[in-house]
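Could you build the full structure based on these sequences and the hints that come with them?
Here is how the chains run, residue by residue.
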Amino acid sequence: MRFEQIRFRAMGSPCALHLYAANAETVRSLASACRAEIARLESKYTRYRDDSLTSRLNRSAGDPRGVRVDDETAGLLDYAQTAHCESGGLFDLTSGVLRRAWDFRSGRLPSRAAVDALLERVGWQRVRWQRPRLVLPISGMEVDFGGLVKEYAADRVAELCRRRGARHGLVDLGGDLAVVGPHPDGRPWQVGIRDPQDGRRALAVVSVFRGGVATSGDYERCMLIDGVRYGHLLDPRTGWPVRGPRSVSVLAPHCLIAGTTSTIAMLSGDSGADAWLASVGLPHARVDRDGALRTHWPVSPASECPPARVAPRASVPSIR
Amino acid sequence: MSRLAALLLLLGLAATSLPGCASVRPWEREILSRRDMAWEPDALEAQRRNHIYFSKEAALAGGGGGGGGCGCN
Amino acid sequence: MSTSSKRSRQLRARRARLRRRARRKAAVAKLSPALHALTTSALALPGIAGSASAATPISEYTAEYGYSQYREDALPSSKVAPGQERERYEIDIHQLRLAAPLGQRMDVTLDLSHETMSGASPWYVDFDQQSGRVVQVMSGATIDDRRTDALLQGTYYFDRSTAALSGGFSIEKDYRAFNVGIEGTREFNEKNTTLSGGLGASFDQIDPTQDPILAPDRPGREDKQSASIFAGVSQVLSRSTAIQGTATYQHARGFLSDPYKRAVVAGTPLPDRRPDQRNQLALLARLRSHFEALNGTLHADYNYYLDDWSIEAHTFDLAWHQSIFDLLRVIPSIRYYSQSQADFYAPFYFAPRGDGLRASDYRLSPFGALSYRIRGEARIQLFELDLGLNAGYERYESDADLAFGRVTTENPGLVSFDLFSIGISGRF
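Residue numbers (this note's numbering), protein chains in the order written: chain D, 825 to 1144; chain X, 340 to 412; chain W, -5 to 422.
A hint or two may mislead.
Derived DEER-like restraints, expressed as beta-carbon distance ranges [stated by the list, open to error]:
id	chain 1	residue 1	chain 2	residue 2	range
1	D	Ala1102	W	Arg3	37 to 45 Å
2	W	Arg3	D	Arg852	29 to 37 Å
3	D	Asp895	W	Gly97	48 to 56 Å
4	D	Gln1021	W	Leu381	36 to 44 Å
5	W	Ile176	D	Ala840	40 to 48 Å
6	W	Arg11	D	Ala840	34 to 42 Å
7	D	Ala840	W	Val324	33 to 41 Å
8	W	Gln271	D	Arg987	31 to 39 Å
Keep in mind that the hints were calculated from the coordinates and are not lab data. These numbers were taken from a predicted model, which means no experiment stands behind them. We treat Cβ as the ideally placed atom computed from N, Cα and C, and that holds for glycine.
Take a look at the structure:
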């Protein structure tokens, strides 16, 4: 069993593949397949390239014919629709344009009129999504897959590793994690919940055997005006920053679900986050604005896993 | 068959109606996957013990599984 | 145009299937509606809903070796015929287990064991006129026997079920047995419930060592066949507790007597003679429960046994697995066993039975047994090797007084022993 960590940059973040494989060659071929898949998704859904699907979709805004999308994009749009519905409108693929009103480097609040003007072009309920055709009826509307693609990519890459025979490993795309499988001896991966104040420090370490972990944070870009902190997470219904926790990390069977859950928690504000996380019932950790850490995570002592073969055989011991 | 056996059989059948009473999610299985939570954490020891008791007592160990006879009983 | 509408029909049907499946799962698992909805949607995305097999083949090579030695207590002189050998068996056991993955969905296990037995074996039970006691007559010969066992098993892992095939043999100087088996498991309710079942068959042949002087009427080569079936269900009760119930039935026919033993009938030792058929049933219930506050796990097993030779037996096994700093484990355990007698058993007979059966083997007599065990396990990491060490001691005592019911005459041949074992295992 050979263990290797492959670090690289993708999707605007530092990424790492922690992989166990039989030999160096297998690890390398696995890593290059993973990076190819990440690059594919990045170039397809980024909004920073003119030839990406996202740009094509955004250019079609105002065109009643819309764009016919492939199965993968259709799946993501269906998922985004579900998330929009379940979150009461907080999770919204079209909310990206609101960032134009908020210039965090200027240190100035935008005018209400500017925000209201942008709100005219925001709202998934305005979008006509009838599989396989997406129509953005209002010119200037935009879809932004940024809130989905990194987590989706983590899940896809982890599944890709599994389909190629890897059974132990971890995919880390800028803090969005998907587990291929626990360590060969059955130990879980130890994941640190980052301190928003000091990125190098971990407030807590949690054990992850399988599934995905995603973190939504509001600590990167913000403005401090008259003692009030304005974060960069904007409520798509009002156009203004939400006042909620500093970060929420969620563990789910898939990184995609973990990401959506944590994003919706952040957008729900302080009390909304509690209610949302309680209703979803997934393990999570949140860092409040005052720096306090609250975890709802079944943290256990470093427990061992039996060798997998013991599981089915052990239920039928031999009586020789 | 004695009443004890009938009672056990009944318990066994009742156990099959248990599905749905507990739903431990996949991410809550750290304790269940501990080595000492396995039915037989140490296969070698279980085999040896079962074989020794089998050669000194009349009973079958139960638990199913293959493996046939030997000259010891 | 027709292909796209067919395609969208297929996709709609697939999504409807997934919704139905997720609804069923949610109904059972009491999922939050929001999580349920998100999960259904996520599963419909290409390439992320994987096989997610709960049980997977091993991914490392494993080798385990164990050595055990036990010495049966010498018989007290009160239980042995005068001038008889009192020492009993001393047995050495070597065990080896090798396991390896085979491709992505299979693994294979090989179990080998070699046993050396030396000492005296019980021959028949007699009534000593002088002392008025029931005594054990030992066979004079000091037996030096070797037994070699092998079992090969291959397991294939599907998404939520497994199938295994096994075959093996057991060979001694005078005994040969071959066995085959097939078994499978199936998971339900996100692996909260597992069903298991299997079939097994064994073909045995005994070629007793002849002794024309002392035992001219000893049987020659004989055969025995047996078939078994089992079914079991295990259920997770909580995050830290699981239970299992199994039922096993075995049918054997052929030569089931012991060619080396005799039973005294009206003063004459005659060859052991048992029925040529036997039907056996074993019902097993087990519990495994972990106590986080104590960092220990409780194992409780109960086995009920019944056969058509009228033997009924109960086994209670209790063990406590105490973890210390996750490096060490100490496991004290206790086992209580009680069996009733075979209907044709007697320490000796005044007159032959109507059915011609006779056996005075202690293994068919009524008795109880208590055993105390202590075991220690340690795991250490050596470079890239995951090493395990273990050592254990067991004291086993059988006595008619320990039996559930009342026993009139204790078979003098009941055995007690001290057992020591050590073992080492490695994963790489």
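* Hints the structure violates: just list their numbers, smallest first. => 2, 3 and 8
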